[in-house]
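Residue numbers (the working numbering), protein chains in the order written: chain S, 172 to 285; chain E, 135 to 244.
Hints may contain errors.
What the hints assert, rightly or not - Straight line, CA to CA, 25 Å or less: simulated DSS-like cross-link-like pairs of lysine-lysine:
| no. | chain 1 | residue 1 | chain 2 | residue 2 |
| --- | --- | --- | --- | --- |
| 1 | S | K242 | E | K231 |
| 2 | E | K231 | S | K228 |
| 3 | E | K207 | E | K149 |
| 4 | E | K143 | E | K243 |
| 5 | E | K231 | E | K199 |
| 6 | E | K243 | E | K199 |
No lab work stands behind these hints: they were computed from the structure. None of these values were measured; they are calculated from a predicted model.
Take a look at the letters that make up each chain.
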Amino acid sequence: NAGVTQTPKFQVLKTGQSMTLQCAQDMNHNSMYWYRQDPGMGLRLIYYSASEGTTDKGEVPNGYNVSRLNKREFSLRLESAAPSQTSVYFCASSLTGTGGYEQYFGPGTRLTVT
Amino acid sequence: AQRVTQPEKLLSVFKGAPVELKCNYSYSGSPELFWYVQYSRQRLQLLLRHISRESIKGFTADLNKGETSFHLKKPFAQEEDSAMYYCALSDRLYGNKLVFGAGTILRVKS
Chain S
172 NAGVTQTPKF
182 QVLKTGQSMT
192 LQCAQDMNHN
202 SMYWYRQDPG
212 MGLRLIYYSA
222 SEGTTDKGEV
232 PNGYNVSRLN
242 KREFSLRLES
252 AAPSQTSVYF
262 CASSLTGTGG
272 YEQYFGPGTR
282 LTVT
Chain E
135 AQRVTQPEKL
145 LSVFKGAPVE
155 LKCNYSYSGS
165 PELFWYVQYS
175 RQRLQLLLRH
185 ISRESIKGFT
195 ADLNKGETSF
205 HLKKPFAQEE
215 DSAMYYCALS
225 DRLYGNKLVF
235 GAGTILRVKS
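All chains should be built: construct the whole structure from the sequences, respecting the hints.
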């Protein structure tokens, strides 16, 4: 099993450009998440999807949109990239419920916006 | 609001010395506390969670509700423990969303 996969691994964008970060998991998890990691700030939740067909905002959703394409895939879109969105983006997945389930993380996408 | 505080950005210790990575949280509900670790060039992974009350790689963490702390401890640090450590909190009542602390880099010197 590949676990959680993300594409691309690296990306450089110019201000105003758009792009979609792809995430897929093969663990049959219902819940999926998008985080951004910035120095001194840890990981912050951008959006999450508790189940196929549902998405909800996290702590820092502005400037982003998401799509839960099916149970396996959860994409993150930047419609008009800004330098403040330079970050490392992580996708994660987990079982759903109130059991404090482990989240499994992808390898990350390093995005630079110039 | 939920908040996780890790006061140290960097903790540097010698091999064989005890390690304590501090974590304090702010939450009035019923939190679940976790420690995640990111080794160099590896993805973030779960180290341990408070409900398991287990020891992983020699690390332990006890939830102290009175002090709202969940400090990570190891009696004798090893060089392979060098990594970024994140303390995280989730709320049982609202699913599995995690709130992370800023992280602490642990460097174990030989």
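Please list, smallest to largest, the hint numbers that this structure does not respect.
Violated: hint 6 alone.
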